[in-house]
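K.L.:
These are the residues of each chain, in order.
Protein chains: 2
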Amino acid sequence: MNQDYIQPSNWSIIEEGFDPEKVKSSESLFSIGNGAMGQRANFEEKYSGETFQGSYIAGIYYPDKTKVGWWKNGYPKYFAKVLNAPNWIGIDIEINGESLDLNKCVKVENYRRELNMKEGWHNRSFIATLQNGTEVKVNARRFLSINLDEIGAISYEITPLNQDAKITYRPYIDAGITNEDTNWEEKFWEPLDVQNNKNQGFITAQTFKTHFKVTTFMHNSILEDDKIVDLQPDNVESSADKTQFSYTLNVVKNSKSSIQKLGGYTVSLNHENTQEAAENAIQKALKIGYQQLLLDQKEAWLKIWEMSDITIEGDIKAQQGIRFNIFQLNQTYLGKDSRLNIGPKGFTGEKYGGSTYWDTEAYCIPFYMATKDQQVARNLLTYRYNQLNKAIENAEQNLGFNNGAALYPMVTMNGEECHNEWEITHEEIHRNGAIAFAIYNYYRFTGDYSYIPEKGLEVLIAIARFWHQRASFSTQRNQYMILGVTGPNEYENNINNNFYTNYIAKWCIDYTNEQLQKVAIEYPKDHKRIIEKVKLSDAELKEWKKVAENMYFPKSEELGIYLQQDGFLDKDLIPVKDLDKSQRPINQKWSWDRVLRSPYIKQADVLQGFYFFEDHFTIDELKRNFEFYESFTVHESSLSPCVHSIQAAKLDKMDMAYKFYLRTSRLDLDDYNKEVEEGCHITSMAGTWMSIVEGFGGMRVKNNKLHFTPKIPKEWEGYSFKINFRNQIVKVAVTANGSTFTLDGNDEMTINVYEKDILISPNSATTV
Amino acid sequence: MNQDYIQPSNWSIIEEGFDPEKVKSSESLFSIGNGAMGQRANFEEKYSGETFQGSYIAGIYYPDKTKVGWWKNGYPKYFAKVLNAPNWIGIDIEINGESLDLNKCVKVENYRRELNMKEGWHNRSFIATLQNGTEVKVNARRFLSINLDEIGAISYEITPLNQDAKITYRPYIDAGITNEDTNWEEKFWEPLDVQNNKNQGFITAQTFKTHFKVTTFMHNSILEDDKIVDLQPDNVESSADKTQFSYTLNVVKNSKSSIQKLGGYTVSLNHENTQEAAENAIQKALKIGYQQLLLDQKEAWLKIWEMSDITIEGDIKAQQGIRFNIFQLNQTYLGKDSRLNIGPKGFTGEKYGGSTYWDTEAYCIPFYMATKDQQVARNLLTYRYNQLNKAIENAEQNLGFNNGAALYPMVTMNGEECHNEWEITHEEIHRNGAIAFAIYNYYRFTGDYSYIPEKGLEVLIAIARFWHQRASFSTQRNQYMILGVTGPNEYENNINNNFYTNYIAKWCIDYTNEQLQKVAIEYPKDHKRIIEKVKLSDAELKEWKKVAENMYFPKSEELGIYLQQDGFLDKDLIPVKDLDKSQRPINQKWSWDRVLRSPYIKQADVLQGFYFFEDHFTIDELKRNFEFYESFTVHESSLSPCVHSIQAAKLDKMDMAYKFYLRTSRLDLDDYNKEVEEGCHITSMAGTWMSIVEGFGGMRVKNNKLHFTPKIPKEWEGYSFKINFRNQIVKVAVTANGSTFTLDGNDEMTINVYEKDILISPNSATTV
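Going down the list, the protein sequences come from chains A and B.
Going by the numbering used here, 1479 is the number at position 572 of the first sequence; the sequence numbering is gapless.
Going by the numbering used here, 1203 is the number at position 296 of the second sequence; the sequence numbering is gapless.
Among the clues, some could well be false.
Since the list can't tell identical chains apart, any single copy or any two copies may satisfy a pair.
Claimed, not checked - Straight line, CA to CA, 16 Å or less: simulated EDC-like cross-link-like pairs of lysine to aspartate or glutamate:
no.: 1; residue 1: Lys1191; residue 2: Glu1303
no.: 2; residue 1: Lys1496; residue 2: Glu1303
no.: 3; residue 1: Lys1163; residue 2: Glu1042
no.: 4; residue 1: Lys1663; residue 2: Asp1133
no.: 5; residue 1: Lys1362; residue 2: Asp1433
no.: 6; residue 1: Lys1362; residue 2: Asp1203
no.: 7; residue 1: Lys1462; residue 2: Asp1562
no.: 8; residue 1: Lys1194; residue 2: Glu1323
no.: 9; residue 1: Lys1014; residue 2: Asp1487
no.: 10; residue 1: Lys1224; residue 2: Asp1577
no.: 11; residue 1: Lys974; residue 2: Asp1088
no.: 12; residue 1: Lys1011; residue 2: Asp1088
no.: 13; residue 1: Lys1663; residue 2: Asp1222
no.: 14; residue 1: Lys1073; residue 2: Asp1141
No lab work stands behind these hints, which were simulated from the structure alone.
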């Protein structure tokens, strides 16, 4: 049974009623973020029940010493961990001498959380009866400013309901925090300095080893009847890593008092002097004021939604699902900073450590390209360009490759590999292909070729060099092979000739060759600069070609399918539908060897190749391969259902497409994988967006033109989405009766709908 | 460069000259043991230089909580670690107020260690000049009694050479010791009780979790001019886990004083009251006295050598090598106790944790069968029989197998799996085959069938059931396959259809079927009892047969070889001889993926099958397979060269056979693998014995008859060995001119030499 306590709503995530069992799940689902920082929806006041505390700052990590049972050569020395950052939200509350703690209250009523996705805030309200009999109404609102991304704001209101109350607000900041995920139970933060100044507190701390310096700060205002009163703390307690202020008020029954707490982080990534920067940040925020900050927040989110919203009519759960996905993606990454990337858990948990996986290139870039300025996608590409040297070092040191071949890491924060399982770290090399594909995809979508001569070509060459060296020649077959890999389907390790890997390897070499020729002609200066820098000879190019032209692809002529790897058909081919439900999910029920020798597929693998390179294959080939592989796919990766949804839609299997869409869009809200407590699956959320836009909408870009083949699930009355295509916005609205295309831009645009070109004009709707 | 500081000698291991760099290597090489306990050759007196302290008690272990980077289903919760046991050898020495410490002496001269293998003792002597100028001659002899296997004895003699000396002997026992190999730096021992009584000290301690109780004890006698003086300790210092006595003497220049320390362990595996047992053990030993204990020791080793010695004439290094191997095997395991087994490091180090690997069945049993009473091999078989239920649980819990299928653990102390790498723990399942093979081998050699109806058949049935369920059907090939395994060559993981594994699986089923039929006829009562106990039906037998009869074996018709696994010929087949030396050993130089996709073989794999089942293949098949696989074998396992040596001898490649023999026999003495500091490779030492007896001697048992085809390496003048065959001893002496067979027994015996039967008579020599 999946969870179902989240109330259906078009624009909000809502929880009603207090259930201690749900606290950790809700902490994940109600997380907030602004691209620069983010946090789980932990309570401000003390909570003695089960909780998973988490506040995160983009780009701040700790290299945790690798822990393994059996060391293998080539394992990285450390795993860069997402870091629980100092707590700035904490406000201990004392009411008539008793600490407010929902885990210890006699009664908690009218408990309600709302994550308002439209406006970008989180609100929690309840009526609690303390053990001392005092009944209070509490309303706590919190948001992380999109505009001032070092600033968060809390308004915490208390109204005593059955008697006068002496209320003490005890806001604090605390750098004495730990990670849940640590290999050796080490401390990650070293406190350096605590400063208190009237209503402001500052703690400067730095991470061990990486020496990121962070000033965590707060500014507190006390309000009575919504008016700020001029109150200084009546007590200040400071230790080396924590500072806490006390404000005591006598509040008469039924009247409201509150604290407004501004807080956040200033970090050495952005400032020389983080203390000074913190003082400035507070100053700036105070000048704007809490109410205006909140209004600005709504405005900022309005702008985000204007570009990225998808509407669905007639299916509120589907609507809530897609908005939750789009909201979380925007909370995680806004694309302003090319040093940052999109962590698989975003700011909702610690799991998976490093921030960058191939998820970014394979799943996230299409979303960001179509809903943001194209600079955002370019920043994501640049992130890899900036880490090229580390990828070259990686291939040199671990594989003995020379000559500038690059193997990008499986998981990284700073370009160095973090992961330490040989079957992933050393064998899941297809990631290199997705990084090259993203360069191609960026140019295809944006038409901005300049990235390739400027930066992309160097990355492509290093990747082509990798594939050339990584392939080995089989005298028996007289062809090149890629042995000992793990494909996208991580339920197979150390296999030979994974179709997807071999295919993308060949494609990488071919595409790099084409770009070399194009840059030679169109950007001769860049061509000369690059060739000299990377020392690329014609002889080497010939060697590449030999590999690409003679690459081996496993297939079954009889079944008319490509084989996921050599020997796949030797398995005991019992389809998933005949597998007893008690055995699922197999990765939780079975030992690893059993998973490996089974025919079950974790996520799209051959089909990932058909997704990336769909024009290389006929629809019949897609159909045969889809039907074969879908029957063995268990979708135990969050990244799987979206690809199958898109392909099912293409094959007119709309029921299947819809089923996969629901699974991907409500994966966390309905907690399909029973692990939402640990955080949300951020990167797969971009796959949900693809399911609608590329799946149901059939959006493609071919020959510099948008293509659509809209279809609609029978469960829906209509849906709409927008595409930012080369600085003009195309809105697509689909119902069972037809599709309407509206252009928000200055120039006419030819688009292709159901294989026919149509001309759409600015600000007028065209229905097909 | 291999090490070469060990002096050549026929019967001893000798080191001359003190080199602090060699202390840890020598601690391994000069280790002593008596089957029940053993210890590294640590110094008795204080040593502040680098040392690896180790004393071990057979059967005493600690379940150390498993440490992994990424947990996989089915990993065992703990790894049973060989345990460094309390120290009983320690004797701090003070000379004229200065502590004797070879690391701090002004001069150390005439330093000499000898491990006398003929008589079973270790002796260390030196002349040291202390910082205070006192020059002393020290002679320390130590042995672990074979007859009284709870007793060890030390005679530590000091003669001041240049002045009178006040000498304090401070013998102690200490349970405050730690393991070098611990996952979580936990303490393994809990001290319970310390008792002192005149010259005797006792510490009772128990292991955490496993609660093995051990009393460590000592009895001290002080001697002047070789006569025991009636001296009580002038001081006793006791803490919770250590007790230390002091004896102070004034010794005139050039006269000898000494301490005789008896010590050892009594354990709860053997005694209700370990303290009382310790008192009795001391009593018994004192009654015999140190000198007589030493004489008895020589006598006991004489008996061991009488049966197991191999002589080699004309090649002192080869002679020393084989005796070192035979000596260490006997120090490790004497076969008295079916609860014990043969750990891969014996009593020489902690590495590899658990005590029992498939090494026992594949490598050690032939040695013990031919050089001991047949009860010893039977005890080794019984060890597995006693752990059958755990092996059945293992298959149930980790693989979901039902119906009494057993998967024996890869590494174990008590029958439970200890190892935690999926590619080994879950995939190196061929170990099950060796356990069945050992049952066959035991009967073949000893002619004692009774083990099979009594115990062996149940083991065979459980193993056959395992293979039946583990095989899967390939509709494509219309054959059964075994997918996702690691073969004996651990440089391939998760491969399909490892020839060796498939072959031994089929053999297990066939052999079990045959034994079922034989037992039904010859032991009908046992048959009935077993069939009822394990609920075996004819229908199930039919299913087994289907698998055995339709098992798939990968092969190359073109090359006339079996393939190590599917796809082996797709590799880049560069032979080892063309691999640059800088790349060796590949397991230290290459990342794991590179090792895996290379064609390089760690140890005999297809050839292990040819070794076990040689009569199933023609000599031409052996030649083709040997020549093919030998060219890719890097022999980076200690278990590899012996099999290749045997097969090279069979193929008349005597130079190769000799090269492999030297490598296997002097692996530790010459430290080929640069790791002898960690301990010796005990189990592979049985392979060295096989290299001579089965390799050069060509010994086989066929149809209840010993067969020989003696050959001699050109480097040797002659060699001889003995075989205990069904309670008669056959001595084989080989020179270039012929082989002489001498029978020590009561009855005539027909043996087969070079394919011809000859009759040999008691106590007369027959030369061929």
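K.L.:
For every hint, state whether the structure bears it out.
P.N.:
Comparing the hints with the structure gives:
| no. | hint | verdict |
| --- | --- | --- |
| 1 | Lys1191 x Glu1303 | neither (48 Å within a copy, 65 Å between copies) |
| 2 | Lys1496 x Glu1303 | between (39 Å within a copy, 13 Å between copies) |
| 3 | Lys1163 x Glu1042 | within (13 Å within a copy, 90 Å between copies) |
| 4 | Lys1663 x Asp1133 | neither (60 Å within a copy, 111 Å between copies) |
| 5 | Lys1362 x Asp1433 | within (10 Å within a copy, 78 Å between copies) |
| 6 | Lys1362 x Asp1203 | neither (37 Å within a copy, 81 Å between copies) |
| 7 | Lys1462 x Asp1562 | neither (29 Å within a copy, 47 Å between copies) |
| 8 | Lys1194 x Glu1323 | neither (42 Å within a copy, 68 Å between copies) |
| 9 | Lys1014 x Asp1487 | neither (44 Å within a copy, 75 Å between copies) |
| 10 | Lys1224 x Asp1577 | within (10 Å within a copy, 72 Å between copies) |
| 11 | Lys974 x Asp1088 | both (12 Å within a copy, 15 Å between copies) |
| 12 | Lys1011 x Asp1088 | neither (28 Å within a copy, 46 Å between copies) |
| 13 | Lys1663 x Asp1222 | neither (30 Å within a copy, 89 Å between copies) |
| 14 | Lys1073 x Asp1141 | within (14 Å within a copy, 73 Å between copies) |
In summary, the structure is inconsistent with hints 1, 4, 6, 7, 8, 9, 12 and 13 from the numbered list given earlier, while agreeing with the others.
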